[in-house]
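S.K.: Residues per chain, in single letters:
2 protein chains.
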Amino acid sequence: MKVEIITIGDEILIGQIVDTNSAWMAVELNKAGFEIEQISSVHDREDHIVQALDLALSRADIVLFTGGIGPTKDDITKYTLCRYFDAALVFNQEVLTHIENLLRHRQKAINELTRTQAMVPDKATLISNKVGTAPVTWFEKDGKVVVSMPGVPYEMKEAMSTEIIPRLQQRYSTPDVIHRTILVRGLPESALAIRIADWENNLPEIIKLAYLPNFNLVKLRLSTVTNDRQSTQKELDFRIAKLREILGEAILAEEDVPAEKLVVEWMSRLQLSLSTAESCTGGFIAHRITSVPGSSTMYKGSVVAYDNTVKQYQLKVDEQLLKDHGAVSNEVASAMARGVRELLSTDFAIATTGIAGPDGGTVDKPVGTVWIALASAKGVVSKQYRFQLGRQLNIERTTQTAFLLLLDKLRGIPDEDLI
Amino acid sequence: MKVEIITIGDEILIGQIVDTNSAWMAVELNKAGFEIEQISSVHDREDHIVQALDLALSRADIVLFTGGIGPTKDDITKYTLCRYFDAALVFNQEVLTHIENLLRHRQKAINELTRTQAMVPDKATLISNKVGTAPVTWFEKDGKVVVSMPGVPYEMKEAMSTEIIPRLQQRYSTPDVIHRTILVRGLPESALAIRIADWENNLPEIIKLAYLPNFNLVKLRLSTVTNDRQSTQKELDFRIAKLREILGEAILAEEDVPAEKLVVEWMSRLQLSLSTAESCTGGFIAHRITSVPGSSTMYKGSVVAYDNTVKQYQLKVDEQLLKDHGAVSNEVASAMARGVRELLSTDFAIATTGIAGPDGGTVDKPVGTVWIALASAKGVVSKQYRFQLGRQLNIERTTQTAFLLLLDKLRGIPDEDLI
Numbered sequence: 001m002k003v004e005i006i007t008i009g010d011e012i013l014i015g016q017i018v019d020t021n022s023a024w025m026a027v028e029l030n031k032a033g034f035e036i037e038q039i040s041s042v043h044d045r046e047d048h049i050v051q052a053l054d055l056a057l058s059r060a061d062i063v064l065f066t067g068g069i070g071p072t073k074d075d076i077t078k079y080t081l082c083r084y085f086d087a088a089l090v091f092n093q094e095v096l097t098h099i100e101n102l103l104r105h106r107q108k109a110i111n112e113l114t115r116t117q118a119m120v121p122d123k124a125t126l127i128s129n130k131v132g133t134a135p136v137t138w139f140e141k142d143g144k145v146v147v148s149m150p151g152v153p154y155e156m157k158e159a160m161s162t163e164i165i166p167r168l169q170q171r172y173s174t175p176d177v178i179h180r181t182i183l184v185r186g187l188p189e190s191a192l193a194i195r196i197a198d199w200e201n202n203l204p205e206i207i208k209l210a211y212l213p214n215f216n217l218v219k220l221r222l223s224t225v226t227n228d229r230q231s232t233q234k235e236l237d238f239r240i241a242k243l244r245e246i247l248g249e250a251i252l253a254e255e256d257v258p259a260e261k262l263v264v265e266w267m268s269r270l271q272l273s274l275s276t277a278e279s280c281t282g283g284f285i286a287h288r289i290t291s292v293p294g295s296s297t298m299y300k301g302s303v304v305a306y307d308n309t310v311k312q313y314q315l316k317v318d319e320q321l322l323k324d325h326g327a328v329s330n331e332v333a334s335a336m337a338r339g340v341r342e343l344l345s346t347d348f349a350i351a352t353t354g355i356a357g358p359d360g361g362t363v364d365k366p367v368g369t370v371w372i373a374l375a376s377a378k379g380v381v382s383k384q385y386r387f388q389l390g391r392q393l394n395i396e397r398t399t400q401t402a403f404l405l406l407l408d409k410l411r412g413i414p415d416e417d418l419i
Numbered sequence: 001m002k003v004e005i006i007t008i009g010d011e012i013l014i015g016q017i018v019d020t021n022s023a024w025m026a027v028e029l030n031k032a033g034f035e036i037e038q039i040s041s042v043h044d045r046e047d048h049i050v051q052a053l054d055l056a057l058s059r060a061d062i063v064l065f066t067g068g069i070g071p072t073k074d075d076i077t078k079y080t081l082c083r084y085f086d087a088a089l090v091f092n093q094e095v096l097t098h099i100e101n102l103l104r105h106r107q108k109a110i111n112e113l114t115r116t117q118a119m120v121p122d123k124a125t126l127i128s129n130k131v132g133t134a135p136v137t138w139f140e141k142d143g144k145v146v147v148s149m150p151g152v153p154y155e156m157k158e159a160m161s162t163e164i165i166p167r168l169q170q171r172y173s174t175p176d177v178i179h180r181t182i183l184v185r186g187l188p189e190s191a192l193a194i195r196i197a198d199w200e201n202n203l204p205e206i207i208k209l210a211y212l213p214n215f216n217l218v219k220l221r222l223s224t225v226t227n228d229r230q231s232t233q234k235e236l237d238f239r240i241a242k243l244r245e246i247l248g249e250a251i252l253a254e255e256d257v258p259a260e261k262l263v264v265e266w267m268s269r270l271q272l273s274l275s276t277a278e279s280c281t282g283g284f285i286a287h288r289i290t291s292v293p294g295s296s297t298m299y300k301g302s303v304v305a306y307d308n309t310v311k312q313y314q315l316k317v318d319e320q321l322l323k324d325h326g327a328v329s330n331e332v333a334s335a336m337a338r339g340v341r342e343l344l345s346t347d348f349a350i351a352t353t354g355i356a357g358p359d360g361g362t363v364d365k366p367v368g369t370v371w372i373a374l375a376s377a378k379g380v381v382s383k384q385y386r387f388q389l390g391r392q393l394n395i396e397r398t399t400q401t402a403f404l405l406l407l408d409k410l411r412g413i414p415d416e417d418l419i
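Protein chains in written order, with the numbering used here: chain Y, 1 to 419; chain R, 1 to 419.
Be a bit skeptical, because a hint or two may be false.
Identical copies carry no separate label here, and so any pair may be met within one copy or between two of them.
What the hints assert, rightly or not - Straight-line Cα separation of at most 27 Å, DSSO-like style, residue types lysine-lysine; simulated pairs:
id, residue 1, residue 2
1, Lys130, Lys365
2, Lys242, Lys409
3, Lys157, Lys219
4, Lys316, Lys157
5, Lys130, Lys242
6, Lys219, Lys130
7, Lys31, Lys316
8, Lys365, Lys157
9, Lys383, Lys323
10, Lys2, Lys409
11, Lys409, Lys234
12, Lys378, Lys2
Calculated directly from the structure, the hints in this document are not laboratory data.
Please model the complete structure; the sequences and the hints are all you need to start from.
M.R.: If you want it as structure tokens, here you go:
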């Protein structure tokens, strides 16, 4: 069953806000067995909204509008849909009572503008917006459904989860949509494509394959739409088993999760602790790890040694090492990893030192030169990388690479094979 | 001049990635005097891409494609555009050489798939993708422009800023778009709107005002589209001078910069140094500061004290304090700030401790309870906040608030007025 999302509002088209609603809606609709055909962002302009709706209805069975239903002058979605469906606006006491209660809770007085939200299209099924003042309206025409809901993310999410998706599932019998994601490590997209060419060419029609490169990782996504979940699951299992034979160790995980989540999960499971010493990444590694709920079970902390004195006095990096080899070197990276591992007494430690840019590069150490060291009870491994990207991306790429190094180490991949 | 953006890729339509490209493109195009008419996200499917392109060309003068130009099978944009513009694919040595150099830098070998990216449409103007392997192609038809670029954000941004926007400005004469942004601190959006109501009502037609609330800051953006830059600048200066009289101290800055950039600039100018001790923010403060080029002049480092033992042994927080008041308390926050300031011997120090969530809350310390402490030679100020948002937002809001506290302190605002 095909769905289109139309987001209404100039703020999206001038880039004032990023449309995060559509991705969230796509994921939830997908889980419920609906396919998104297109997402369109249009202006608060009647002709534009109508054209978008006509086109969406020509491609899909269900059209979901977000935005443009506030009480202010610039919001015209309600009036446009009334004209489109030849409906009249009528006063609804229930809606007004809901608005009054809601505002009372927020200790706000109702005003003329807010009151107009109790005027609703007579041809629409009303769906209460439990957390906002603008009601959700559900229109039907020629067996197709058009829903208009608020653009405020938490209002949209509440209406989608508790009302709209359940009603759509009741209204239509939907096929199962199954996605499986394989995280592949250590192969550039094109090399991977060549390695699995035969496997890919032999995939049955029903399985769609997508490559999503993400730094040193490629996400392989297998998608199917099916009415026979069981046999499709079997088919997917069979294909993925074959993929395992081909890729072996290159498969890092068989779920779509960020590397830091794997770090937290694997180390917690193995009851191993981690600390970090960050120079060029400046706390980003610590941030990524601590953004995973539950990371406190395995992560002790970080010394962000941005200044060399911190490397010396906190991480006990020998001043001579800094003089002889410079802060961006194998020796200093290794000493930092050893230093923080002892300081915070953890099983593993990661250290980074490099030149994030835009300045500070030299001929033999250009911007993007980074050393990443990994310390454990067994000793230290340290590797050099050259990320010639912008400052922010050099930081992100270093962080991602550090996680992958650690995960490889945890998987028992020999030091010389770490990439 | 009207522009449409078409993002190609199933990953957007299943919600696997959020389309952040379009908002960035909209902002940059807007600055350059172009208006976005519509943003559409479509499948990697020829009929769908062609329909979207036809419709976009019927509404706009310029169509910008992102995505679907990788070397793998699922990427079909290049072939679709060739058929659409009746172009043939021809081998291009320059592109191949560029790809080879790029891969050499990345210490990767070229393979036949990557080599196919040197096959380019004969009817397109080629724009080199300096940071990626897929070339950017520029087609023209009936006075309209169609550009296809990568979906990888940093490749898209590089191509847009250095090539595509400058070429579009050369190709079309666009009016001047002037944006001025004022950062207002300490006033909620509605209170600010009331405070400046008269000023706002007296703004001339040509100046459009937008309120962009961002945590404890409101960005006031004044925008004008003009063909007389000089007199418009004068008008803007005049209006902003009036605004200064009304808002006084509430104006934090008169440029659109993140708070951390102000922290780095002001402290560097005052030759003051900063260190941080982070528990609930887990390194995010350090990350935001070190993401500002030049931060090494004023920022020494951070102790991410995620585990209490780190608070005790590194930051010298008295074990008794932790026992008596708990890690999330005025006393511990203050001790952390004092501790890191001494440890890294800096002029100022920021410390954070709190419950980011989703778990760990109690009745008197619910999720979102945060203490932020600020230490200087004069002593320590510590304040409690309750951010009842998700984990990530609690972390971001704590970080933003810490920067604003520090900036207020640097502006000489008395402790009791810090908010």
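S.K.: The structure should be examined with respect to each hint, and the outcome stated for every one.
M.R.: Okay, the hints, checked on the actual structure:
no.	hint	result
1	Lys130 to Lys365	between (51 Å within a copy, 21 Å between copies)
2	Lys242 to Lys409	within (25 Å within a copy, 62 Å between copies)
3	Lys157 to Lys219	both (24 Å within a copy, 22 Å between copies)
4	Lys316 to Lys157	neither (45 Å within a copy, 41 Å between copies)
5	Lys130 to Lys242	neither (45 Å within a copy, 37 Å between copies)
6	Lys219 to Lys130	between (34 Å within a copy, 24 Å between copies)
7	Lys31 to Lys316	neither (50 Å within a copy, 49 Å between copies)
8	Lys365 to Lys157	between (43 Å within a copy, 26 Å between copies)
9	Lys383 to Lys323	within (20 Å within a copy, 42 Å between copies)
10	Lys2 to Lys409	neither (44 Å within a copy, 52 Å between copies)
11	Lys409 to Lys234	neither (32 Å within a copy, 62 Å between copies)
12	Lys378 to Lys2	neither (55 Å within a copy, 62 Å between copies)
Of the numbered hints given earlier, the model fails hints 4, 5, 7, 10, 11, 12; all others are met.
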